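Chemist: Read off the chains here:
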Amino acid sequence: MENMATRDAYGKALVLLGAENPDVVVLDADLAKSTKTIDFLKIYPERFFDMGIAEQNLIGTAAGLAAAGKIPFASTFAIFATGRAFEQIRNSVAYTKLNVKIAASHAGLTVGEDGASHQAVLDIAIMRALPNMTVIVPADPVETMTAVFAAAAMKGPVYIRLGRPVVPVLFPDDYEFKVGKAVTLREGKDVAILACGIMTAESLKAAGELEKEGISARVLNMSTIKPLDKEAIIKAARETGALVTAEEHSIIGGLGGAVAEVLAENAPTPLERVGVKDTFGESGKPQELLVKYGLTAKDIKEAVYRVLKRKA
Amino acid sequence: MDKPDVQQLEGMAKQIRRDIIRMLVESASGHPGGSLSAVEIVTALYFQEMRIDSANPRWPDRDRFILSKGHAAPVLFSALAERGYFPKEELLTFRKINSRLQGHPDMNKAPGVEMSTGSLGQGMSAAVGMALAGKLDKKDYRIFVLLGDGEVEEGQVWEAAMAAAQYKLDNITAFLDDNGLQIDGPCAEVMSAEPLDEKFKAFGWHVEKINGHSFPEIAEAIARAKKIKGKPTMIIAKTVKGKGVSYMENQVGWHGNAPSREQGEQALAELV
Chain A
1 MENMATRDAY
11 GKALVLLGAE
21 NPDVVVLDAD
31 LAKSTKTIDF
41 LKIYPERFFD
51 MGIAEQNLIG
61 TAAGLAAAGK
71 IPFASTFAIF
81 ATGRAFEQIR
91 NSVAYTKLNV
101 KIAASHAGLT
111 VGEDGASHQA
121 VLDIAIMRAL
131 PNMTVIVPAD
141 PVETMTAVFA
151 AAAMKGPVYI
161 RLGRPVVPVL
171 FPDDYEFKVG
181 KAVTLREGKD
191 VAILACGIMT
201 AESLKAAGEL
211 EKEGISARVL
221 NMSTIKPLDK
231 EAIIKAARET
241 GALVTAEEHS
251 IIGGLGGAVA
261 EVLAENAPTP
271 LERVGVKDTF
281 GESGKPQELL
291 VKYGLTAKDI
301 KEAVYRVLKR
311 KA
Chain B
313 MDKPDVQQLE
323 GMAKQIRRDI
333 IRMLVESASG
343 HPGGSLSAVE
353 IVTALYFQEM
363 RIDSANPRWP
373 DRDRFILSKG
383 HAAPVLFSAL
393 AERGYFPKEE
403 LLTFRKINSR
413 LQGHPDMNKA
423 PGVEMSTGSL
433 GQGMSAAVGM
443 ALAGKLDKKD
453 YRIFVLLGDG
463 EVEEGQVWEA
473 AMAAAQYKLD
483 NITAFLDDNG
493 LQIDGPCAEV
503 MSAEPLDEKF
513 KAFGWHVEKI
523 NGHSFPEIAE
533 AIARAKKIKG
543 KPTMIIAKTV
553 KGKGVSYMEN
563 QVGWHGNAPS
573 REQGEQALAE
583 LV
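Here the protein sequences line up with chains A and B, keeping their order.
Start counting the first sequence at 1; every next residue gets the next number (this note's numbering).
Start counting the second sequence at 313; every next residue gets the next number (this note's numbering).
Looking at chain B on its own, in the form it has when it is part of the complex (with noise of 0.2 Å):
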């Protein structure tokens, strides 16, 4: 597959949005606000930057995504099926009885899942073991997380960075979706983490920091991380919860509640 620019990234995106609004319309239940967030991170890791075959999904060099923010996979299964893991149809059974598309993602269900995740602060240890898999059998696959701004508030997350760092881990690329709400409302107020760079830094990481809905931003960031040895790296993607559906934007209340039949069309009004 050709390298896509950045204005086909861009018509990806916006795909990848009204997959994700008819995803949740039509199982009424779900998580738009950290989808939506996120949609520009995935779709440059799946369309751009991941030596991936969605023919050999178990391929043992591919490069690996782990979406520890698991109650986001309505972006990570639209960009599996846009890229062509399985049928777009089945998009329309998520969250339903016999789905191979669950709540949370099952890496025994859908294709293309590296890690069972839903349980929030997991991801990035999986991670680290992968990673360490991938120095001791000298590979040079690269595994790719992407965390919620407020799972790092679990501990798990800092255990694993410490390890990261321990083990020098720069085949390690972190994504940190930092749309600034959480469920009972702004991280800031909920439990600060902040600051977010300068704990990172301290845990022995390289930072970035980023707008987390530019195409070229993101693509500059993984090229620099992939420069940084002996490290892994974190990439603090600045985004807009509900990103790209104005009523969900930056509202706390978009977290974990599908929008009604007419929300959804008026959100895919706004996707053209």
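Bound-form chain A, shown alone (with noise of 0.2 Å):
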């Protein structure tokens, strides 16, 4: 697979599981050609609905599919999807359980020049907390295609995160992600990096250049935020002493806060998080954000340095 947007790759999957499975209907809000579910729409019209720029219909009408029988994936952007559409997600989807698939898509600083009001940092937090919702946040476009593959095969809601850049393949054509299971990118034993979404390609830059120095990364893609594999995050705690967390999100609430809860409850662990530091983005290229709001692999390192001096 060549390097693209996990949104496009979002795409292509649901044009293969539209032709796999006849029960897969999409749901957009004026956002086609934005979440790539403009691909489904050309191949299947009759399967694709256009709820126009109307959120909260847009996920209800998904809930009412789903309870016929249907499996909806509804797109727009993480911001809206999570915000505008809050509590239709909450009563509509995740209390009915109903098989309602969220794919989100614009999500993070990486919307880049449209600024704050469309970058969605607090998405991953607001989705964890709902009971019933299962949260992907894919690192690359194959691990985006066979995410959206498990998401139509499991029952229930789930919220697939999404990303507008283009961003490098990282995993070999025939990997299958797997629900719930973290997976170990790069060994090391001086720290784990536990990141997700494109934060996990700049963690594995960050062991390359940390081996260079003596330090010796781990690094684990933790693409399911819920439920989240505890056991390999006890087990990096227990084998490193040492962990940072990196994510394209606030770090209240995301994955930071969940990795946070495991450590204080089962394995009280020094743990430093890389993300949006309690604040609002703003415009600017998608890599002059990631720069100025401290989301680069250089400041996954010096999270290292800083877990290091804390390790005992």
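Everything labelled a hint here was simulated from the structure, so no lab data went into it.
Be a bit skeptical, because a hint or two may be false.
Here are the computed distance ranges between Cβ atoms for each label pair [unchecked claim]:
#1 D365/B x P268/A: 52 to 58 Å
#2 D496/B x S283/A: 54 to 60 Å
#3 K181/A x P498/B: 53 to 59 Å
#4 K447/B x K181/A: 45 to 51 Å
Within a straight-line C-alpha distance of at most 20 Å, the following computed EDC-like cross-link-like pairs (lysine to aspartate or glutamate) qualify [unchecked claim]:
#5 K326/B x E338/B
#6 K447/B x D23/A
#7 K543/B x D23/A
Now the stretches of chain B that chain A is said to cover, found in silico as 3 or more residues with beta-carbon under 8 Å [said to hold, decoys possible]:
#8 403-411
#9 438-450
#10 474-485
Keep in mind the model is a prediction, meaning the values are calculated, not measured.
We put the CB at the ideal spot given by N, CA and C, even for glycine.
Need the complex rebuilt from these two chains, each delivered in its own frame; the hints are there to steer you.
Modeler: Pasting the structure below:
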């Protein structure tokens, strides 16, 4: 597979899924060209529903379709899915356990120039707090495609977080995503970096550079935020004694928050969280924003230095 | 089941009103006013109109009813119990710990409930989804929805109304329980959504206006709705909040307060 945005991989996955499963239907809220659901629309127009700029009804309609036996994928930007339509997700999807897949694109700061109004940096925290919700943050196009199929195969609500910018391929073509399973991408014994989304690639880059400095860093891809792979976290904590999390999301309530909860209750271990530090973003090029808000390999390395100083 | 006549429907309506009062007295909480105003609509649907089978609640070809005004759960649960979805004795567990009969309907707990509701404005969207699925599967089942007149102040209702017209969902028949009152007072004073008929017409709906306590008018409006092609139908049903219990009728205070045992006895004495 070639490098591409996870939203592009989502569009391709939907087309394949649509061919395989006639119950799959797709809904959008006037953003089909951006979320890439347009790929599905072109081939299966009778199974595609544009709900217009009306996200509450987008989610509610998806719930009704699921109640009648369909497997709806509802897409819009992450900010609107989890913000504007939060209560519809809570009451009509999560509470009902209906088989709705919310595939939300343009998550994180890398929306870029649109600025803070469009940058979802709380969505993982919001979705993770919902009972019955599975939360998946794929790291690359290969993982996105396999995760979309996994979401369709499982019963119940799923939130899939997708991004706007092109990201490098990290996984081999035959990689199979498994819900709730962390994947060790690099072994290491001094520190473990737990990452998701675009920060997984940054973590691998950081680990490569750390190796040259004599620091052995393990990298875990935590693409399922819920249910969280607690065993993998505890094992990493026991074997390395120092953890860093990295996510394109607020440090409050996301992957970092979830890992902190597991550590505090099971294996108290020094932890540093790389993420958006309780602030809104702003307009700018995605790369400029990642630098300004501390979401690069360099920031991960600095977190590793800090956590190693705290290591007993 | 043979189609009942009006007299039989009126007898069932009375029985459902008695069930509602007994449930609310027992639970000492709940919403009598908007439950009682919707009794004829719900009775007509469950005992005359809908193609349903209580022995097979998930039958794929069944008609669906969504109580979008979920606080009227007592009227839905009473109808479901009377229709045989669960034992009538269970009605007295309403709103109590470990009950299948939650304060607002839960589709995963109470048999026969098609959609969990309670947060106003969400039922119509679910109806749109079910109606789209029905069209996609070339099934002829119909979706009935009941909304409150205060409920239409929710923006989501109008998002769903737009979508139902856009997708020509003539398999949706909605009822608006126009009892004129919401928690804070008369709808006209709190936040008027009038003219409701003109609004739904402007949103692309076929609109009927009826007396929501008249079984013949309800049946005729549904019959007309079934003949309308390419448009959803909204039946604006003029009703009396608290209908059937003299001291509750048109009293805003009975929106969300349960009667005491003595008040319940008085109500049951009226409902004979």
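Chemist: Would you list, in rising numerical order, the hints stated earlier that this structure does not obey?
Modeler: 2, 4, 7 and 8
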